[in-house]
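According to our numbering, the sequence shown is numbered sequentially starting from 140.
Please keep in mind that the hints were generated in silico from the structure rather than gathered at the bench. Glycine included, each C-beta is placed from N, C-alpha and C at the ideal position. This list has only true hints and no planted wrong ones.
Label-pair distances were calculated between CB atoms; the ranges are:
1. Tyr390 <-> Glu430: 46 to 54 Å
2. Asp482 <-> His215: 38 to 46 Å
3. Asn231 <-> Gln351: 25 to 33 Å
4. Ala230 <-> Ala542: 38 to 46 Å
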Amino acid sequence: MCGIVGYIGNKNASTIVLNGLKKLEYRGYDSAGIASVNGALDIRRASGKLINLETKLVEQPLLGNLAIGHTRWATHGAPVERNAHPHADEANNVAVVQNGIVENFITLRRQLQDEGHEFKSDTDTEVITHLIDKYLADGNELVMACRLAFRQLEGAHAIAVTSQQEPDKIIAARLGNAGGVIVGLGDGENYLASDIPAILEHTQHVVFLEDQEMAVITANGITYSRIDGAPIEKDFTVITWDPISAVKGQYHHFMEKEIHEQPQSIQSTIRGRVDFTTGKIAFEELELTPEAAKQLDRVMIVACGTSFYAGQVGRFILEKLARIKVSVEYASEFRYRDTLIDDKTAILAISQSGETVDTLAAMEEGREQGAKLWSIVNVQGSMVHKLSDGSILMQAGPEIGVASTKAFTTTLTDLFLLGMYLGQLRGTLSDEESLELVKHLAHL
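Between the sequences and the hints, there should be enough to build the whole structure, so can you do that?
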């Protein structure tokens, strides 16, 4: 699993998809591929770096105005060309790219082999192509064939499908939390991506799919539904990031660029939240009253990776300023513990992407036990943002460097502001202390 990009419109699709995949190289990968429909389904794949795929595309261009592409980190099968996505059925009718793991793929593979299907790879993803082809052969249209196939899959998945049988559409679906499925809106063209930077140069109007939702994407429009077929309406989100923020510009590396962007990111997250005259902090998005703040007896910070380390610093800040008990939990372990949570507990999830699988699982566990859900997140419209009762947006802009820089320092700033905010509501931080603290903040 890794990165997904799709395009349908009036331009050469493989060029747009390849450039989108390049924007996702920071995620890491061991192989890549693109499928395009131009009368017939055509696929190019290569192991190793994207330059290997690009070389193939120069030698054997992919034509057509529709394409889906993928960069892969191997989970099932070695990182070789035959295991790279997209995968097609034996008739080369359906192409699929997928993030996630088909937990029941061995059972499905055996069933399909018993029915006469021939597999060409060692991956779990290939069973999806054969399932869809099976239901197409039964006389179903592509959308229904996808629905029937998706219902048989166990695990979490982000999926994109195209077929030469219906060459005017891309089917996208999200089942559980296996990363983002983002539809980008254009004029006479539309986009698909697992991560915003892949399509940010083309559109800032996006729709985030949620669990059990699918989209039928054509050049002239998009329809949304549940996997069970129930139609739904989706609102678009305007991504305020400057498209130039997703390119290196004068810098040699994204990490170098993002180190230099830290002062601007801190200013962005402070803007509108701090009154430097009175020392007051405003987090209207948390919808928290002094009475509700005083009733809280614990904050549990859940996060992974760099966000977890930011949370460890945040524990000291919240305890000191808000005088409240704070624990920091590694999200991947939290869901397996018998934690003591009630309606006087606030769970604070921290995630730059807003799609961290274990953090989402921890949030869902907390909600089931009655906790209030807060988050500090960088991507508006992401699942962490949507699942929260109140969410603090970092406003750090896209962070592409793998080693976190500006998202880490912006998170620390937001934790400091949150500590002050809770302290003011709970009456543990005086006006004089608040003014002194914001003076220090101004020096940043």
